[in-house]
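Peer 1: Residue numbers (the numbering used here), protein chains in the order written: chain B, 14 to 306; chain V, 190 to 584; chain H, 38 to 401.
Everything labelled a hint here was simulated from the structure, so no lab data went into it.
Keep in mind it's a predicted model, so treat the numbers as computed, not measured.
Where is the CB? At the ideal position from N, CA and C, for every residue including glycine.
Far from chain V, by Cβ distances over 10 Å, these chain B residues were calculated:
| id | residue |
| --- | --- |
| 1 | Ala-95 |
| 2 | Ser-101 |
| 3 | Ala-102 |
| 4 | Val-164 |
| 5 | Val-173 |
| 6 | Gly-179 |
| 7 | Leu-183 |
| 8 | Lys-189 |
| 9 | Gly-190 |
| 10 | Ala-191 |
| 11 | Asn-198 |
| 12 | Asn-200 |
| 13 | Val-285 |
| 14 | Arg-293 |
Below 20 Å or equal to it, Euclidean Cα-Cα: the simulated SDA-like pairs (lysine to any residue) are:
| id | chain 1 | residue 1 | chain 2 | residue 2 |
| --- | --- | --- | --- | --- |
| 15 | V | Lys-446 | B | Pro-141 |
| 16 | V | Lys-490 | V | Thr-582 |
| 17 | B | Lys-300 | H | Arg-163 |
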Amino acid sequence: MEFLSYLINGISLGSVYAIIALGYTMVYGIAKMLNFAHGDVIMVGSYIVFIAVNQMGMPPLLAIVISMALCTLLGIVIERFAYKPLRSASSLAVLITAIGVSYLLQNLALLIWGADPKSFTSVVGLAPVQLAGGRLVISGETIVTILVSAVIMAGLIFFVNNTKMGRAMLAVSEDKGAAQLMGINVNSTIAMTFAIGSALAAVAGVLLCSAYPTLQPTTGAMPGIKAFTAAVFGGIGSIPGAFVGGILLGVIEIMSKAYISTQLADAIVFAVLIIVLLVRPTGLLGKKISEKV
Amino acid sequence: MKKAMSLVLAAAMAFSFAACGGASGTSGATSTASGAASTTGTASGAAIKIGGIGPLTGGAAIYGNAVKNGAELAVEEINAQGGLQFVLNFQDDENDPEKSLNAYNNLKDWGMQALLGTVTTQPCLTVAPETAADNMFLLTPSASAVDVIKEDNAFQVCFTDPNQGVASADYIADNGLATKIAVIYDSSDAYSSGIHDKFKEEAAKKGLEIVADEAFTADNKTDFSVQVQKAKSSGAELVFLPIYYSEANLIIQEMNKQGCTATVFGCDGLDGLLTIEGADTSLFEGVMLLTPFAADAQDEKTQNFVSKYQEKFGETPNQFAADAYDGVYTILAACEQGGVTADMDASAICDALKTAMTQITVDGLTGEGMKWEATGEVNKAPRAVKIQNGAYTAM
Amino acid sequence: MNILKTMKKSTRSNLITYGIVVLFYLVMQLLSSGGLLSNSMQGMLVPICTYVVLAVSLNLTVGILGELSLGHAGFMSVGAFSGAVFWMIAGQSLPSVLGLAVSMLIGGVMAGVFGFLIGIPVLRLRGDYLAIVTLAFGEIIKNILNAIYLGWDSNGFHFSMKDATSLNMGEDGEVIINGAIGISGMTKASSFTAGIILVLITLFVVLNLINSRAGRAIMSIRDNRIAAEATGINVTKYKLMAFITSAFLAGMAGVLYALNMSALAAKKFDYNTSILVLVFVVLGGIGNIRGSVIAAAVLYVLPEMLRGLNDYRMLIYAVILIVMMIFNQSAQVVAWRHQVWEKLSATGPLQKLARVKKQTKGEA
Chain B
14 MEFLSYLING
24 ISLGSVYAII
34 ALGYTMVYGI
44 AKMLNFAHGD
54 VIMVGSYIVF
64 IAVNQMGMPP
74 LLAIVISMAL
84 CTLLGIVIER
94 FAYKPLRSAS
104 SLAVLITAIG
114 VSYLLQNLAL
124 LIWGADPKSF
134 TSVVGLAPVQ
144 LAGGRLVISG
154 ETIVTILVSA
164 VIMAGLIFFV
174 NNTKMGRAML
184 AVSEDKGAAQ
194 LMGINVNSTI
204 AMTFAIGSAL
214 AAVAGVLLCS
224 AYPTLQPTTG
234 AMPGIKAFTA
244 AVFGGIGSIP
254 GAFVGGILLG
264 VIEIMSKAYI
274 STQLADAIVF
284 AVLIIVLLVR
294 PTGLLGKKIS
304 EKV
Chain V
190 MKKAMSLVLA
200 AAMAFSFAAC
210 GGASGTSGAT
220 STASGAASTT
230 GTASGAAIKI
240 GGIGPLTGGA
250 AIYGNAVKNG
260 AELAVEEINA
270 QGGLQFVLNF
280 QDDENDPEKS
290 LNAYNNLKDW
300 GMQALLGTVT
310 TQPCLTVAPE
320 TAADNMFLLT
330 PSASAVDVIK
340 EDNAFQVCFT
350 DPNQGVASAD
360 YIADNGLATK
370 IAVIYDSSDA
380 YSSGIHDKFK
390 EEAAKKGLEI
400 VADEAFTADN
410 KTDFSVQVQK
420 AKSSGAELVF
430 LPIYYSEANL
440 IIQEMNKQGC
450 TATVFGCDGL
460 DGLLTIEGAD
470 TSLFEGVMLL
480 TPFAADAQDE
490 KTQNFVSKYQ
500 EKFGETPNQF
510 AADAYDGVYT
520 ILAACEQGGV
530 TADMDASAIC
540 DALKTAMTQI
550 TVDGLTGEGM
560 KWEATGEVNK
570 APRAVKIQNG
580 AYTAM
Chain H
38 MNILKTMKKS
48 TRSNLITYGI
58 VVLFYLVMQL
68 LSSGGLLSNS
78 MQGMLVPICT
88 YVVLAVSLNL
98 TVGILGELSL
108 GHAGFMSVGA
118 FSGAVFWMIA
128 GQSLPSVLGL
138 AVSMLIGGVM
148 AGVFGFLIGI
158 PVLRLRGDYL
168 AIVTLAFGEI
178 IKNILNAIYL
188 GWDSNGFHFS
198 MKDATSLNMG
208 EDGEVIINGA
218 IGISGMTKAS
228 SFTAGIILVL
238 ITLFVVLNLI
248 NSRAGRAIMS
258 IRDNRIAAEA
268 TGINVTKYKL
278 MAFITSAFLA
288 GMAGVLYALN
298 MSALAAKKFD
308 YNTSILVLVF
318 VVLGGIGNIR
328 GSVIAAAVLY
338 VLPEMLRGLN
348 DYRMLIYAVI
358 LIVMMIFNQS
368 AQVVAWRHQV
378 WEKLSATGPL
388 QKLARVKKQT
398 KGEA
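Given these sequences and hints, build the entire structure.
Peer 2: Structure below.
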C-alpha cells in the first residue's frame with residue numbers, strides 16, 4: 014500500500030515534469046536549441062495567473078487564458094530580439110544567450126514582484142479521489158495535470174504531423190536550407206514554435222504551482238533543469254519521449270527518496286539518467302542518428 | 190574577426206581597470222548619495238559608515254532584502270533623532286561566499302567603519318576571518334552558526350543554531366508536547382542542519398524518540414510528499430521543522446493534503462508564515478514556534494516598526510528585518526557607550542565597540558534586555574508562541 | 038624584432054598571450070606596491086586567475102575537442118575538496134609554497150582521475166547528450182559532497198554520510214568536512230603570484246598540446262570524427278587525453294580557489310558555476326585561448342564594477358551578456374560592423390591608420 018502511494022506521488026510529480034518537458038522538447042526538436050529560459054517563462058506565467066486571480070479577482074480560467082496570451086507574446090519577443098539575430102551563429106552562442114535571458118527574467122521578476130514567496134492558490138477545483146478506503150489519495154491536481162499533458166501531447170503530435178504549419182516545422186527541423194528552398198518561411202516557423210512553446214509554459218506554470226503552491230522568482234529554475242533532464246531521458250525532440258521521460262523521472266525521484274535517501278535523491282536520479290544514456294545514447298524514444306562523412 | 194574581438198575585449202578590460210581605481214569610490218558615492226537622500230541631509234560627512242552584506246538577488250533574496258529594509262528603516266530613524274548619524278551601504282552577495290568577499294572589499298574601499306552582516310551563514314564563515322584580520326567590527330543579524338563568532342570582533346543578534354536546537358528539544362520535553370517526533374530539515378543548509386544535529390542530541394538526552402528523520406536539499410524542495418508520508422506513517426505526534434517558512438508552507442499544505450494531524454513545531458525560521466501572500470492561514474492554526482520576534486505583538490515598539498515598514502516597503506516585516514533593525518540600534522548603543530565618533534578609523538572603532546558590546550543592554554524588537562558575552566553570543570530569551578485565529582499567542 | 042618576424046605564426050601568437058598575462062601581473066604588482074590598487078581589485082586578483090584557468094581548460098574541451106561540457110564545476114570541486122583536505126591535514130605544517138604546490142597537485146590528480154573515470158563512458162555520447170551527462174555528473178558530485186562528513190584523528194580518517202556525531206572520533210578528533218557547511222577555519226595560502234604561475238602553466242600545457250601532433254589529432258576528431266578514425270587516429274585515446282587534461286587543470290584551479298578563502302562549501306559548485314565558465318569561453322571565442330583569458334578576466338570584474346547600480350546590477354549584467362553575444366556572433370551585426378569599419382577606413386580619419394596597418398602587414 015505504501016508502495017502504491019509512493020507510485021501515485023511519483024506520477025503526480027512526473028506529470029508536472031512531463032508538461033514542462035513537452036515545451037522543452039518542442040523547441041529543441043524544431044529550433045535545435047536548448048532554451049534554458051523555458052523554466053523562467055513558466056515562472057512569469059505563474060506570476061501572471063497569481064496576480065490575475067489573487068489581486069484582481071479574475072476567474073481562474075480567464076486568468077490562464079490571459080497568462081497564455083502574455084507568455085506567447087513574451088516568447089515571440091524573446092525570440093525576435095535575443096535568438097533570431099543568432100540564427101546562423103553556433104548553437105553554443107544561442108545557448109549562452111538563453112542563459113542571459115534566464116537571468117534577465119529572474120531579475121526582472123525580482124524587481125517587479127519582490128523576493129517574498131507567494132502562496133499560489135490551486136486553480137484546480139476537482140476533489141481528490143479516494144481509493145482503498147481513504148488510504149490512497151489521488152489529488153485533483155494530479156488527475157488534471159496528467160490529463161492536460163496527455164491532451165497536449167496528442168495535440169502536438171496531431172499538429173506536427175497533420176497541419177501545414179506542423180509539417181513546415183518538421184521540414185525546418187530536418188533541414189533549414191532545404192525547407193527555405195521549398196518555400197517555407199523559416200523565420201516565422203521558428204517564431205511560431207516559440208509561441209507554442211511559451212503558451213505551453215504558461216499552462217505548465219499554472220499546473221506546477223497548483224501542485225506545489227509556492228511562487229518565487231527562482232521557482233522555474235530547478236523544475237526547468239529537471240524537465241530538461243526528463244526530455245533528454247525520453248529522447249530530446251521526441252514528443253511522446255518527453256511525456257514518458259517526465260513520468261519516469263518523477264517516479265524514480267520519489268522512489269529513491271522513499272527507499273534510498275531523501276538527501277541523495279537528485280544524485281540517484283542523475284545517475285539513472287547517465288546509465289540510461291549509456292545504454293541508449295539517444296534516450297528512450299529518441300531517433301538513432303546515423304552519421305555520414 | 191577574432192582579432193577584432195580580442196581588441197574589443199582588451200579595450201573593455203583596460204577601461205574596466207581604469208574605472209576600477211576611480212570607480213570603486215564613485216560606486217560607493219552613488220549609494221551613499223541615495224542612502225543620504227533617503228535619510229535627511231543633517232550633518233553630511235560626519236556620519237558613521239555602516240556596510241551591509243547579504244543576498245539581494247538569487248534564491249536567498251528574501252532574507253537579504255528583509256535585512257536591508259530593516260536596517261534602512263533603523264538608520265532613517267536614528268538620523269532623524271539627531272545625535273550620532275549613520276550612513277548605510279548595502280551590497281549584494283547572491284549568497285555566495287566568493288561574492289561576499291568581493292562585496293566586503295568593495296565596502297572597505299567605500300570606507301566602511303562597521304559591518305552589519307553577513308545575512309547568511311555560509312558567506313559569513315568566509316567573511317568573518319577577513320574582518321578579524323582587518324580588525325573590523327562585525328555584527329551579524331542572522332548568520333547563526335557558532336563558528337561565525339569565533340573571532341572576538343564578531344557578534345550576533347540572532348540565537349546560535351545549537352542554542353535553538355537545545356531550546357526546542359527542552360521545550361517539547363518539559364511541556365510534554367510529544368514523545369514521538371519526526372524531523373524534516375534542509376540538509377544542504379547550514380542553519381537547518383546545525384539546529385537538527387543539536388536537537389537530535391538533546392532529544393536523546395531528554396528521552397524523546399525521533400521516529401522519522403527526513404532531509405531535503407535546496408535543489409529538491411518542490412515535492413515533500415515522501416517526507417510527509419514517512420512522518421505520518423511513523424506515527425509521530427509532532428513534526429519538528431527547523432527550516433524557513435517558504436518551505437514550511439509547502440510541508441504544512443502537504444500534511445493537510447495527506448491528512449497528517451501531527452503538531453508542527455519550529456524555530457525562528459518559521460516566523461513569516463502568516464505574512465505569505467495568498468496563503469490559506471487556517472492551515473497554520475496550532476503551529477508552534479520559538480521566535481524572538483512576532484510581527485503582530487502588541488507592544489508599541491513592534492507596532493511602530495511594523496506600520497512604518499509596511500508603509501515604506503509594502504510588506505509585513507519578518508524576523509530578519511527585525512534582527513537587522515535591532516542590529517543597527519545595537520551598533521548605535523555600543524557606539525554611544527564606547528564614545529565612537531565618525532572620524533575614528535575602523536580599527537579604533539572595532540576596539541571601542543568590542544568592549545562596549547559586553548557593557549550594553551538593548552531592548553529591541555527581538556528581545557528585552559539583550560546582552561552580549563565577550564564570545565559574541567547574545568543573551569535573550571526565546572518566546573514560544575502558537576498560531577491561533579491567524580495570530581501569535583504566547584504559550 | 039627580426040626573431041619575432043621569422044617565428045612561426047602560432048609561436049608568435051602564443052608569446053603574445055603569455056606576454057599579456059605577464060604584463061597584467063607586472064602592472065598589478067606595480068599598482069599594488071604603489072598603493073594604487075583598491076581593496077576590491079586586490080581581492081579579485083586570485084579569483085580572476087582561477088577563472089582564467091577554468092576558462093582555458095574548458096576551452097580545451099569545448100573549443101579544441103569540440104564537446105560541450107556543463108560539468109566543469111564538478112571537476113573543480115573534486116580538486117578543491119581533495120586539495121583542501123590535504124591542506125588541513127598536512128599542508129599547513131609544510132613550508133607554505135611547498136604545501137600549496139602539493140595540495141594543487143593532489144587536487145589536479147584527483148580531478149584527473151575523475152575525468153578518466155567519467156570520460157571513458159561519457160565520451161561515447163555526442164552533442165547535447167554529452168552536455169546533459171556532464172551536467173548530471175556535476176550535480177551528483179555536488180549532492181554527494183553535500184552529504185559527506187569527514188573527520189581526522191590519531192587513528193586516521195573517519196567517514197560518514199549521516200552526521201558529524203556518527204563519526205565516532207577519538208578525543209583529538211577534528212571534523213574536516215562537515216556536511217553542507219563544508220570545510221571552515223582554513224588558513225589561506227593562495228596568492229596572486231601563485232595564481233599567475235598556475236595561469237602560465239595552464240597556458241603552457243594547453244598551447245603546447247594544441248600545437249603538437251596530439252593536438253592536431255584532437256582537432257581532426259572535432260572537425261570530422263569518421264574521417265579522423267579512417268586515417269588511423271585512435272579517437273578514444275585522444276578524446277580522453279583532452280578531457281583528462283581539462284579536468285586536471287580545473288582541479289588545480291579548484292585548489293587555488295579553495296585556499297583563497299577560509300571556508301569551502303559544495304554549494305558553490307553547481308551548474309551555475311559551470312555555465313558561468315562556459316559563458317567566458319563562448320564570449321572569448323570558442324577555440325580561442327587568448328580570448329578565454331581576456332573574457333574571463335573582464336567578465337569576472339564586470340558585475341563588481343556594476344555595484345553602483347544597486348538593485349539593477351544583475352539585470353544590467355544579463356542585458357550586457359545578451360547584447361555582447363549578439364554583437365559578437367550575429368551574422369547581420371557582424372556584417373554591419375564590417376561595413377561601418379570599411380566606410381570609416383575608406384573615407385574617414387581611419388584611412389591613414391588602415392594604410393599604415395596594411396604596410397606593416399606587407400612587411401611581415
